[in-house]
Amino acid sequence: MYTQGLDALGDESLHLPEEQLAELEARFQAKIDADEKIEPKDWMPAAYRMTLIRQISQHAHSEIVGMLPEGNWISRAPSLKRKCVLIAKVQDEGGHGAYLYSAAETLGISREQMVEQLLTGKAKYSSIFNYPTPSWADIGAIGWLVDGAAIMNQIPLCRCSYGPYARAMVRICKEESFHQRQGFEIMMRLCEGSTDQQRMAQEALDRWWWPSLMMFGPDDANSKHTGQSMRWKIKRFTNDELRQKFVDVTVPQAEFLGLNLPDDALVWNEETQHYHFGPIDWDEFQRVLAGHGPCNQERIRARIEAHESGAWVREAALANAAKQSKNL
Amino acid sequence: MSDERQHWPLFEVFIRARAGLEHKHVGSLHAVDAKMALEHARDVYTRRMEGVSLWVVRSADITASDPDDADAFFEPAKDKIYRHPTFYEIPDEVKNI
Amino acid sequence: MSRASVVPVSVEFGQSERFRYVLRLADTSLILGQRLGEWVGHAPALEEDLGVANISLDLIGQARMLLSYAGEIEAAGRDEDQLAYLRDQNDFCNLALVEQPNGDFGCTIVRQVLIDAWQLELLSWFDASTDRRLREIAAKAVKETRYHLRYSSGWLVRLGDGTEESHTRVQASLNDLWKFTTELFTPDEIDTLAENAGVAPNLNELRGSWLHRIDEILNEATLTRPDDVPYVWFGKCGEHTEHLGHILSDMQYLQRTYPGVTW
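Residue numbers (the numbering used here), protein chains in the order written: chain R, 1 to 328; chain D, 329 to 425; chain W, 426 to 688.
Incorrect hints may appear among the rest.
Using C-beta positions, here's what the derived DEER-type ranges look like [said to hold, decoys possible]:
#, chain 1, residue 1, chain 2, residue 2, range
1, W, 560, D, 363, 29 to 37 Å
2, W, 637, D, 347, 49 to 57 Å
3, R, 22, D, 389, 31 to 39 Å
4, D, 377, R, 36, 38 to 46 Å
5, R, 264, D, 350, 54 to 62 Å
6, R, 121, W, 633, 19 to 27 Å
7, R, 159, W, 515, 32 to 40 Å
8, W, 507, D, 389, 25 to 33 Å
9, W, 516, R, 325, 31 to 39 Å
Don't read these hints as lab results, they were simulated from the structure. Using N, Cα and C, we set each Cβ at its ideal position, and we do this for glycine too.
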């Protein structure tokens, strides 16, 4: 699932004789194996470049689209403190998108190209943001589960082989810590609260649990990119490894809250020292990925609307800048 | 989809975290000019009091050294910092590029 | 509801008057912050999402400080949330200007410039106020407002002196919103009492410096200042446009639906 925009790039490998190519690739892999960072102007295999562009831009798009389900509750946050925290969180997510677009641009794709790919459906974003936030408890659940899952994915990426991506991830991880905590705090307050609030919290968990597990991607047997990505140190753990870790960490948190996880098969396995959990509905995952989740159209339409209705603003800014530079 | 022929250019951002330290490169952003770039840098990169001083420079104005000076595989030294398609200026008459 | 019945019969700037005065500042920041929050995720560029969110956050922060102070003055046990979430619109004292819809980005920027310039004059003046808390709150807030005005006036200039379309749009927005600026500088009894007590500035003088700043910006933006209109809104006296009701029913919904719980 490679994104476009690479047509504009000269493939640096195209005109080179095979032996030189092999030597370049060997030197490149040696750097990776030695845990050295690859920086923007370094030689890299075209496939490494394309994989990174896909991965980083997808990550960036996820942050931007992710502003929408949470932004849905800014106007209705039930206290001024919660409102401020939520605005700050959503602002951070926009910022993370900015860092990631910035990292992706070092690889030869432009922000405009990436935005177009998102708006035309050519590029994907994390499936989790195609679910609705009908209640305030969803804001708690998203912080606790979705950000929790994201953190699990992001910390290893701080050591990924591509310099700009690794540095963006370090920045993001520093800021992410409050995101999960504020979500969990919201859930705690609800679970300690009235019957209505407790029901709200349980109902949100029922809806967000399985989609959060799906955030880690297809299981290892069905994940074709994993092997190469791990060799290139773009990925440090497999999907199943991260998913298992997430479950193991989160189940005790749910118990602390007094909430039930919507999985009858969930049970602690003393032998493996892990929680065994029930089967994931991969059909749902594929459906949502293919555009048939509850909010896919809505999310993209909102982004298209923002982009198109803002065109006159962006054009005006450019026109004004041109006038200024003429006057210099 | 909007088809603005021009786009907001790319700027690199450098932040000095505290007096006594040097400015460090933290990333990039888009703006129409340096004044806007400075505001954007402040809003994107310093939400947590990360700095006392900001520099913004148009990416196109940065000259970078070549990482493989000794090697003859690429163009000579004064290359742009990114392999960025919009750094390459193609005349309007040339179509489909 | 006539203005006269809202203002208590008194010649002193007492507890009740001070409460009402501070509430005006608080509610104006709160409602404007609320309006700006609507833009998050929908702005013309990602960087603008962050810029507008920043201003929204600052304003709500100011509102919290001012509401807490108002609650202390009133001494009836109402904290910032009770004041924000449990008053009905005729008890809200925000300027009518800030409850106007966001419209397009240009309209939001016009509204923002008008308020930022007003806040900058007012907050700078509070350095000389006899009210110590207002001095402290203003000292912090004025730094934020300087940045807000830099941001909003920068954008007004870009849009006013940008393309023909952008110029037309913001001139139209300016023409529409100008009528709400009269309220900023038309004193009622509370304003006069506050001025006499050394708490607040003379609004006529404030208007002079505000207009000077606005004219400079409009000039650079190649925009024409509209004529003043005779009708004066009095949002600060609880006389609101139809918009505030909708803002509040959205903002207050959870607390109204589930009263008495903690969030």
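Status of each hint after checking the structure:
One distance hint, 29 to 37 Å for the beta-carbon pair residue 560 (chain W) and residue 363 (chain D), holds here, with the actual separation near 32 Å. At roughly 36 Å, the beta-carbon separation of residue 637 (chain W) and residue 347 (chain D) lies outside the given 49 to 57 Å, and the hint is violated. Roughly 37 Å separates the CB atoms of residue 22 (chain R) and residue 389 (chain D), a value that falls within the hinted 31 to 39 Å. The hinted window of 38 to 46 Å between residue 377 (chain D) and residue 36 (chain R) is violated, with their beta carbons roughly 33 Å apart.
Between residue 264 (chain R) and residue 350 (chain D) the beta carbons are some 58 Å apart, a value that agrees with the proposed interval 54 to 62 Å. For the pair residue 121 (chain R) and residue 633 (chain W), the beta carbons lie near 55 Å from each other, so the given range of 19 to 27 Å is not met. Restraint check, residue 159 (chain R) to residue 515 (chain W): a C-beta distance of roughly 59 Å breaks the suggested window 32 to 40 Å. For residue 507 (chain W) and residue 389 (chain D), the hinted distance range of 25 to 33 Å is not satisfied, since their beta carbons lie about 54 Å from each other.
For residue 516 (chain W) paired with residue 325 (chain R), a C-beta distance near 52 Å fails the hint of 31 to 39 Å.
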